[in-house]
Structures are given as C-alpha cells and as structure tokens.
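**Q** Sequence:
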Amino acid sequence: MRKRLEDILVAIGPLTVAVSGGVDSMTLAAAAHLLTGRNGVNMVHAASPAVPPEATQRARDWAGRENWDLQVVDAGEFADANYRSNPVNRCFFCKGNLYGTIARYSSRQIVSGANVDDLGEYRPGLDAARDHGVRHPYVEAGMYKNEVRQLARELGLGDVAELASSPCLASRVETSIRIEPETLGFIHAVETFLAEKLKPRTVRCRVRSTGVVVELDAASLQLLTVADSALLETSIMSFLPPNLAGKSLAFEPYRNGSAFLRTGTS
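All the letters of the sequence shown, read from the start, carry residue numbers 3 to 268 under the working numbering.
If you are wondering where the hints come from, they were derived from the structure by calculation, not from laboratory data. Take these hints with a grain of salt, some might be off.
[As the list claims (entries may be wrong)] When the alpha-carbon atoms are kept at most 27 angstroms apart in a straight line, the in silico BS3-like pairs for lysine-lysine are as follows:
| hint | residue 1 | residue 2 |
| --- | --- | --- |
| 1 | Lys-147 | Lys-5 |
| 2 | Lys-249 | Lys-199 |
| 3 | Lys-201 | Lys-147 |
| 4 | Lys-201 | Lys-249 |
[Stated by the list, open to error] Here are the in silico distance ranges between beta carbons for each label pair:
| hint | residue 1 | residue 2 | range |
| --- | --- | --- | --- |
| 5 | Glu-123 | Arg-4 | 20 to 26 angstroms |
| 6 | Gln-111 | Ala-81 | 23 to 29 angstroms |
| 7 | Met-239 | Lys-147 | 18 to 24 angstroms |
| 8 | Lys-5 | Ala-81 | 39 to 45 angstroms |
| 9 | Lys-201 | Gly-135 | 40 to 46 angstroms |
| 10 | Ala-229 | Glu-123 | 18 to 24 angstroms |
| 11 | Ala-247 | Lys-5 | 54 to 60 angstroms |
| 12 | Pro-55 | Gly-144 | 31 to 37 angstroms |
| 13 | Gln-111 | Pro-255 | 39 to 45 angstroms |
Since the model is a prediction, treat every value here as computed from it, not as a measurement. Positions of the beta carbon are idealized from the N, C-alpha and C atoms, including for glycine.
With the hints as extra help, turn the sequences into a complete structure.
**A** What follows is the structure, encoded as structure tokens:
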C-alpha cells in the first residue's frame with residue numbers, strides 16, 4: 003500500500019499538501035517530503051478560530067523539525083457569509099475558501115489527506131475539492147484510516163500516529179446556528195479542560211439550539227457521579243461567552259455528527 007501511494011505521489015509531480023495538523027494530512031506531508039524533498043512538495047496550513055491552536059502549532063513544529071516548506075495562511079472563511087450562516091453544507095464553503103486560497107499561493111497540484119473511510123460519510127468538502135481539482139492520494143491508493151496510522155508509525159511520526167480523529171471546531175455547532183469565533187473558543191476551552199480532567203476516550207462540546215451538550219464516550223460518562231457532574235458544570239459554565247449566555251448544560255453519550263441536522267430534521 004505504501005508503494006502504491008509513493009507511486010501516485012511521484013506521478014503527480016510537484017504538489018502542495020493541505021495540512022490541517024491531523025494525522026491524515028501530517029502523514030501525507032511527511033511521506034511526500036521524504037519521497038520528493040523540499041523542492042518537490044510544499045505545505046499550506048490555514049490557521050483559523052475553527053482550528054485548534056495545538057493543530058497549528060503541531061504543523062509549525064514538524065515543519066521546523068523536518069525542514070518542510072510550510073506556509074500558514076488565513077483562508078478567509080470568516081469573511082464568507084455562507085460559511086458563517088452554518089448551513090447543512092457548511093464544509094463546502096469552508097473547503098472552497100481553503101482551496102481557493104491555496105491556489106493563490108501555489109500553482110502546484112493540491113492534494114488532501116482524505117482517505118477511503120471519508121467516502122462513506124456526507125462530506126460536502128469533497129465537492130469543493132472536486133471543483134478545485136484537488137486530488138486525494140490515499141483514496142487513489144485505496145488506503146483506509148488504519149493504514150494511514152500504520153504509515154505514520156512507519157515514518158516515525160510518534161504521537162501524531164495516535165492522534166484522535168477530531169473534525170474542525172465548527173462541526174460542534176448545530177446546523178443553522180451562526181459560527182462565531184467566541185463560540186469556537188468556548189468549545190475548545192471546554193474540550194481541553196475535560197480532556198485534562200477526565201482523560202476520556204472521546205469528548206465533544208456541542209452548541210445546540212436547546213443548550214450546550216457535553217458528549218463523552220460511554221465508559222467515561224458512566225464514571226461520572228452526580229456530584230462530579232455538578233462540579234464540572236460549574237467550571238464549564240465559567241467559560242461561557244456572552245453570546246451563549248443563558249444556555250443550559252447537559253451530559254450525553256457521544257454520537258458522531260450529532261450537531262449536524264439534515265434539512266427537514268429537528
């Protein structure tokens with residue numbers, strides 16, 4: 003599988019990797035750099051309120067350590083009213099701004115870290131990628147997420163190989179609720195706090211029309227006592243920004259994509 007990926011990367015020629023800071027794109031960047039060198043590949047990372055700062059720092063750190071040609075840019079999605087309104091296809095506008103911005107910085111072929119597992123979900127960002135001629139080397143090589151992680155281990159990416167999947171912070175905001183930087187900052191603060199406090203396998207802070215919902219994996223949620231929940235609620239509500247004033251808080255089991263509402267659902 004690695005050989006097939008390498009053959010694809012070589013066949014593409016000079017390329018630009020859209021690096022989010024997650025395991026997929028970081029591994030693709032590392033593989034391409036090892037194969038073609040600094041002259042054969044460059045990387046672009048979009049820093050944004052929707053991107054956890056540790057992801058941006060991770061991209062910067064690896065670029066400095068491995069001599070990657072990395073540019074950190076503002077993709078401009080927060081100036082896009084379509085993105086900010088958070089429609090069901092919000093990712094289309096996010097990725098459209100991203101790839102359009104990368105194209106202004108580079109004339110090379112843009113590649114993404116999408117893998118075969120991503121094709122089984124509703125991902126309007128893939129439509130934006132198609133519109134911008136973006137290629138997905140993992141998909142072309144038939145690679146799944148577990149194979150990407152194995153490649154990361156082979157390449158010596160250390161903790162990067164074990165990074166939990168974590169979509170952008172805007173994915174925690176229920177469809178049609180406007181995307182605000184303050185809301186995303188709150189979400190990140192809550193998830194960081196709970197990750198350190200509880201060491202859960204999975205934690206998501208959702209902002210819904212009905213209130214704030216903290217989702218935890220079943221094992222972590224089961225360990226929470228009523229007293230624990232009350233103490234955590236006090237801390238979490240102290241992070242609440244003015245634009246979310248009056249929101250209630252609840253703890254629920256983790257459900258993938260539960261802030262995403264299809265048109266016509268409630």
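**Q** Hint by hint, note whether the structure agrees.
**A** Now for the hints, and whether the structure bears them out:
Proximity of Lys-147 to Lys-5 is assessed by CA-CA distance (about 17 angstroms); at most 27 angstroms being required, the pair is judged to hold. With a C-alpha separation of about 22 angstroms, the suggested pair Lys-249 and Lys-199 falls inside the 27 angstroms cut-off, and the hint holds. The hinted pair formed by Lys-201 and Lys-147 meets the criterion: a straight-line CA distance of about 23 angstroms does not exceed 27 angstroms. Distance restraint check for Lys-201 and Lys-249: the Cα-Cα separation of roughly 25 angstroms lies within the 27 angstroms cut-off, and the hinted pair is therefore satisfied.
Between Glu-123 and Arg-4, the C-beta spacing of about 25 angstroms keeps the proposed range 20 to 26 angstroms intact. Taken as a hint, the range 23 to 29 angstroms holds for the pair Gln-111 and Ala-81, whose Cβ atoms sit roughly 26 angstroms apart. Taking the beta carbon of each, Met-239 and Lys-147 are about 35 angstroms apart, not inside 18 to 24 angstroms as hinted. The hint said 39 to 45 angstroms for the Cβ distance between Lys-5 and Ala-81, and at roughly 43 angstroms that hint holds.
Between Lys-201 and Gly-135 the beta carbon distance is about 42 angstroms. The supplied range of 40 to 46 angstroms therefore holds. A hinted range of 18 to 24 angstroms is violated for the C-beta pair Ala-229 and Glu-123, which are about 38 angstroms apart. The supplied range of 54 to 60 angstroms is met by Ala-247 and Lys-5, whose beta-carbon atoms lie about 56 angstroms from each other. The supplied range of 31 to 37 angstroms is met by Pro-55 and Gly-144, whose beta-carbon atoms lie about 34 angstroms from each other.
Distance hint check for Gln-111 and Pro-255: the Cβ-Cβ separation is about 42 angstroms, which falls inside the suggested range of 39 to 45 angstroms.
Going through the hint list in order, the structure does not satisfy hints 7 and 10.
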